[in-house]
Amino acid sequence: MSTDLKAATESAPAAPRGIRQKRDYGLVILAAPAVILLLVFAYGPMAGLVVAFQDFNVADGVFGSPWAGLENFEFFFTSGNASRILWNTLFLNILFLAATLGAGVLLALMLNEIRGRVTKRFWQSVIFVPYFVSPIVVSIFLQAFLAGPGGRGGLVNDFFNVLSLPELSWYTDPGPWPWILTVVKVWHLGGYMSVIFLAAITAVPEEVYEAGVIDGASRAQMAFRITVPLLKPTAAILLVLGIGRIFYGDFATIYAIVGDNGTLFETTDVIDTYVFRALRTQGDFGTTAAIGLFQSVVGFVLVVIATLVQRKYARETAIL
Amino acid sequence: MNTIAEPVHATPLNSTDPAVPARRRPRQRPEAFTIASYVGVVAFGLICLIPFWMVIAGSLTDESVLAQRGYSFWPSPFSLDAYQTIFAGSRVWLSYGATLFITVVGTTIAVASTSGIAWVIARGLPWVSRPLAVFAYIPMLFTGGLVPMYILITQILQLRDSWFAVILPLVIAPFLVFVQVSFFRGTPPEILDAARIDGAGELRTFFHVVLPLSKPVIAVVALFYAVTFWNEWFHALLFISDPNKYPLQLVLQNLITSVANAADLGTTISAPVYQMRLAMTVITIGPILAAYPFAQRYFVKGLTLGASKG
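Order-wise, the sequence lines are chains A and B.
Residue numbers for the first sequence follow the numbering used here, beginning at -2 and rising by one.
Residue numbers for the second sequence follow the numbering used here, beginning at 138 and rising by one.
Don't take every hint at face value.
[Unchecked claim] Stretch by stretch, here's where chain A covers chain B in the computed footprint (C-beta under 8 Å, at least three residues): (1) 187 to 198; (2) 223 to 230; (3) 364 to 376.
Simulated from the structure, these hints should not be mistaken for laboratory data.
Beta carbons: idealized from backbone N, C-alpha and C, even for Gly.
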């Protein structure tokens, strides 16, 4: 067969040229839909960020609105909301990132201890279930726990009653919300993260653990001294991607849960929810675009820095 | 650290005594960490499932009892009022239709365009594949954000109140492009050579050779997209204002934000509002949960592929 191949390529020197031309044409057709969609719906809006420097109005559109210089940025950063919203965004995202990564690693280590393929797969499927529901559904689940029907207190308060603790009015007290949202994120994404880490654990060669057994290491020692260090590259990738999005609020989760409940804004209002409200209630395109540009630029710079730092420490795991 | 687990041979870590590992091997009692892991996994697993059960039980509990006694693990008195009221109205069928349209059309466009670009990246052509990979990767890091997208959809493309306003911004997920690329890279080169020698062009090779070999990854990618589209509500919230075109998630969201909207679903004001909210939740997640046992292994496979690319 290999001689056929050789013969075919040697005897027809003109053929590759003809084939190549046809080949390029086919590949263009294959790539075109995605390229066009990305250009319009991903790169188009990036170009649309010029709105941030405009005094945008709908009648004149993107191409006709007058320029406003940096006014839009000034308006946001001097509005008094900026520091609170930036802080909330950063704080919540760091909490979410740390908690979901931590939970993912821990769950993966625990799943790895389970013997029997069927049992392991069963529990892995169970903890993966929450990933399938939308933030809206998560919000309804949360209400069952924090605010019951007909003005009742929900399951958590029912539980507090049993322990004769005072009931709490969860939806009017902004204090515990960063932690509540973190618990929600871990519930929603913990299983998903654990599957990613479990895949990395499965890739570890068996000999590494055999060496551990010979050295008399306990299961816990093997988990924390052998497995955890080997999970670092995977965690690093997820961390870099997470850092890139650190200035994006988790709009879907937070808006689905908090919505327009103003009493909770103090601790839960993030850039994305603020922008969304500003756009809906005031139609202020310029300022909201300015905030969007700020998010993107900071996020991009952070990813580049994170990637470079990571590359310095672990070359093979760097993404770009 | 290991004294609790192994009271008999609490040996130092660097023990060189060859007899110790030999004696440890056969059928030892499970260590503390293993027991803690079982407890931890089962506990977290139950926490994952309990909310589902509470909402299902709640949706089957009579509204008045629900208001009096709150949630219970077993629905009593059993009541199908909420489901009857919801399915008697037309809104639920319309929104099911909307969600189905968005999911089916969205997933089809998404899988087709994602496979296409992923194959061109995976082909490893000089001057084409690498720039294309960067082109697909950048949107993962840098986005235009809400406002330009809003202007694009409503002013330039005039897609307000169209389901395509929900579909099109989401049809290329860079992460899934790379999941597919890493799978495509594993296509045996001999098969491609054979196809080329038989005179197949790039399109024929892709559709008749590559795609049939890539069914597992296509299933994975299609499922990820399908779940995204099924659960989508943010773009619907922004761009769909005609209540007759609301997808399920948006109907559900309106039930949270305003109890009055519950009247939309049924016909009477005295409808079991709270119970209906829970029933609507069950109706919304039902199809996904029904498909879950079949879909789950593909998800794990997909994530495994995604993770191994690093």
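Each hint tested on the structure:
no. : hint       : verdict
1   : 187 to 198 : holds (count 5)
2   : 223 to 230 : violated (count 0)
3   : 364 to 376 : holds (count 6)
When the structure is compared with the earlier hints, a violation turns up for hint 2 alone.
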